[in-house]
Every structure is written in structure tokens, then in C-alpha cells.
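Got chain A; can you put chain B on it based on the hints?
Number of protein chains: 2
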Amino acid sequence: MSTVRVVCQQLAPCLGNAEHNRHLSGEAIRGAATLGAQVVVLPELMQSGYVFNDRQEAFDVSEALDGPTLSLWKTLASELNIIVVAGFCERLEDGQVANSAALIEPEGRLTVYRKAHLWDREKLIFTPGTEPPPVVETAVGRIAVMICYDLELPEWVRLPALAGADLLCAPVNWPDAPRPAGERPGEIVRVQANAAVNRMFIAACDRHGKERGVDWVGGSVIVDADGYPQAGAVSHQQKQVLVADLSLMQARDKTISAHNHVHQDRRPGLY
Amino acid sequence: MSTVRVVCQQLAPCLGNAEHNRHLSGEAIRGAATLGAQVVVLPELMQSGYVFNDRQEAFDVSEALDGPTLSLWKTLASELNIIVVAGFCERLEDGQVANSAALIEPEGRLTVYRKAHLWDREKLIFTPGTEPPPVVETAVGRIAVMICYDLELPEWVRLPALAGADLLCAPVNWPDAPRPAGERPGEIVRVQANAAVNRMFIAACDRHGKERGVDWVGGSVIVDADGYPQAGAVSHQQKQVLVADLSLMQARDKTISAHNHVHQDRRPGLY
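Top line first, the protein sequences correspond to chains A and B.
Start counting the first sequence at 1; every next residue gets the next number (UniProt numbering).
Start counting the second sequence at 1; every next residue gets the next number (UniProt numbering).
The hints are simulated quantities; they were obtained by calculation from the structure and are not laboratory data.
Glycine included, C-beta positions come from ideal geometry on N, C-alpha and C.
A couple of the hints might just be wrong.
Simulated crosslink set (DSS-like; lysine-lysine; CA at most 27 Å straight-line) [unchecked claim]:
no. : chain 1 : residue 1 : chain 2 : residue 2
1   : A       : 239       : A       : 74
2   : B       : 123       : A       : 254
3   : A       : 123       : A       : 210
4   : B       : 74        : B       : 239
5   : A       : 123       : B       : 254
6   : B       : 210       : B       : 123
Covered by chain A, per the in silico footprint, the following chain B stretches (three or more residues, Cβ under 8 Å) [stated by the list, open to error]:
no. : stretch
7   : 141 to 154
8   : 185 to 192
9   : 226 to 240
10  : 260 to 268
Next up, chain A with everything else stripped away, as it sits in the complex (with noise of 0.2 Å):
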């Protein structure tokens, strides 16, 4: 069965810096692209960064769909024949902005996706999506998109499953938080169990660097349709570059035993 590659840039981004953001993630992409990769995930807002103070600050920041960095992913997806998933901070009408996805593919189709669920300070200032994660059939799979916090929440996560996606790519911002020692950071916990119950794998690409007293889990993760990490799965505050060979066509078989199904076991009328 032939493989996908997908790569994880684990990068960091530059609070309301634009310029240095797109020149950052070019670069990514095309490293990406030097490793053979068919698929590329960049973190969440990795077009403006994260931290900010309030809407206008964002705002300040903001491109719309035709602005310079959504134009170089293209150009680059284009050029390199890879698929770009990235976040950036999206300029709305009235002065509104949201916390958006872009997937870009070599063919110049743009589709994108607008957190739903969101984090925190994050409902000071952006507008919440209403779609659902798309779902796209694309050169190597269907790949769905969702962000972050998006991740928290079961129900969203089986929407894409259930419309056929192969590959969940997460741009996430995972801010760092105490928990046992020895054990996995949650957050990768919760993107293994999402894909173990589906038979779905996920692509999650944090961020690193401290952005106004924010640091990060630094935990990008690729895991399999059963739920096993093939690459990343540490914290690991730095930049890392996570690269898995993925039979992204195991996610068609949704069979775990002679008489389960992930999908048709549930019972949606007692739900």
C-alpha cells in the first residue's frame, strides 16, 4: 500500500509580525518539501501569532483570502507540489477577524475553516466559525481541518470522520500547563483517542516560543488510525520537524473486530 508523507513544522511564530511569519513559514514549507513531503501542517496563527491583548490587535494583523501570505502558500504549493495546511488570522467584514485554517492545494484550491470552538481569551476576540471542518479529496486522501481547542470536543471531531476523512490536519497553539510527571501531555491523549475511535489519523502541529509569558506544549504529534504515535508525542518546547510515512487508505477500513465497526456501532437514536 503506498504511503503519504506528512510533516509537522514545529515553529514559532512572531506576535503581530506578518512579514517575518510568512518568511518563516515559506521557509517550512519549503524544507517540507525537501523531505519529500505531500503534506505539510504549520501551527495555528502561524501567519500572526497568538497572544494578543485584544480584537483590534488582531485585527492590525489580519489578511483576507487574496492577502500576501495565503498568495506565497500558493504560489509554494504550486511550485513544490505539496499540500499546506496553516493557520492564520483571517480578516472578516466590520472589523472582525477569525482564527482560520487554510488548505492549500497544488492545483491553487483554497479551502478554508474557521475555528468553531474557541479557547479562552480567544472569545474576546474572534468570531467563531459556524462550518463544519471541511472535508476535501485531494491527490493523496481526504483530509479534513480543524484548530486546536476544536479538538476538545468528541462530537466535532466525529463530523469529519463521519464524512470520510483520512487524515485530520490540527494547526494547534497548546498552551503549557502542569501535569504528572512521566506522564503525556493530555492534549496528545485526547488527539490519540480521536483518532483511535474513528480509525482516523491526525496530523496535530504545535508551536514553541514564549509569547508574552505564554509558553507551549511543543507537543506536534502524527498518529495512526489506531491511535499510535508515529511521530512526535513529547513535549518538546523547540523547533522539531515531524516527518511519517502514513497508509492513509487504513483509515478506509473501519472494521476492528469480525462484528465492530467504529462508525456503525454507534447508536445515534439513543445519543
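Structure of chain B alone, referenced to chain A:
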């Protein structure tokens, strides 16, 4: 904050030998009480064993709610002032059987749950339940019950959590399967995720003792409302006794940031 002592008794039921299993479970309940437990959890199908060839074999060892095993558990719950949660093969009408669990309080109240999501050949043997997991207001907190494969359906775990459960007690029989070296068994990972996304404690009691060629994870675990293990969480294919003192009232606080609440953040209109 006062704590509740919960004990999981990972035992080896003997297939088809209700008398042996009754004795074994009685000793385990007494042992838990000696350890100061207020709640004791025993494995799935503790009363009967698991790997039945067919429905008739299960029927032959099954018991009604006034049978000798539940009668013993009731007597011990009252005598030892302990809450007992344990699995049994329930005799239904017309030759049918259910994979059930009893929650028995010291005052004598019996709550029965019938497994709604059946694993593998269980589908050929047991009649699935059609009622949601019960949430019982006990003297030590609100306790819910479900069984084994039910835990793999996050929608199902949501129901008792939304109904206010502090602690979910889950008798399980987790069949062993290969996993990558160094990885925690996926069943435990899913328990952790279920707990964290609901801020609900979970005590899952597995079994040991190979039965007709089937071996078990032996992965009993007690996790806190953040999803981190307080006891167990390794594959130990032997008898083991897990003890944890849980601040169950922490489950009443669903807040995970200044602006986030694990249940109020759900957007059911979108699911």
C-alpha cells in the same frame, strides 16, 4: 475537600462457574472494605466469565436480579457499608441474556445497566441494552455505570457526564492486542480522554486469567477529572488491587480556563 476511596479488584473469573466467581467476588469486596474502600469495582461478567461459545452457554450460568450472586453482593454492601459495582450475566425472558452491571448501595438499592454497545461475538450472545447509563446519587457522590466497549463511544460517555456524574465506574474485559513497544494500551488512553473532556473521574476494572485462548490487557485504571491516572494504567496480566482517594467534588467544576467550560463549550446545534 474530603475524598472517596475507590478500589478496583482486577480478578480472574472462571468461565461458567458462578459458585467459584461468587466466592472470589465476595472475598474481593471484603478485601476492598478492609482497605477502607467506599466504592469497589469488579470486572465485567465477574459472575460468569466471558468467552462463551453461544447464547445457551451464557444462559445456563446467567442469574436473575434475585439470584445468589447479586444477593451476596447486596448482603456485603449492607454489612460492610460499601458501594459495589460489578458485572454479571443477566437472565432475561425468553432465553435471552444481557451483559449487565449492578450498582449496589449499602441501603440495598440496586441499579442495573445493560451494555448497549456489544463487542465482537457478544453480538451473537447478548441482547443489547436500550437505556442510557444510569447516574445514581449515592452517599459519596453521583456514580454512573457503563461497560467496556461502551467506553469507545464518546457520545455515550457524554450522556452520564452531562447528567452530572462525578465518577463513572466501568467493569471491563479488555482483550489483549498488539501495540507499539512502550505505548500505554489504547483502551487506557481512551479512558483518560473520556475523563478529561468531561472533567469526570473514571474507574475501569479489567480482569486477568486467560480464557479459551483469550488473554486480557489487565489494564485496570482509575483516572482523575483531568484524565491523569491515579492508580493502575499499565498492562499487568495478574491479580491487582488499585486504590485511589478521589476528590469527587472536583468533577462539579467544569471550568478549564477563565472562559471555558467543558460542557457549555459544546455547540450541539452544529453536531
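_Run through the hints listed earlier and report the numbers of any the structure violates, in increasing order._
When the structure is compared with the hints, none of them turns out to be violated.
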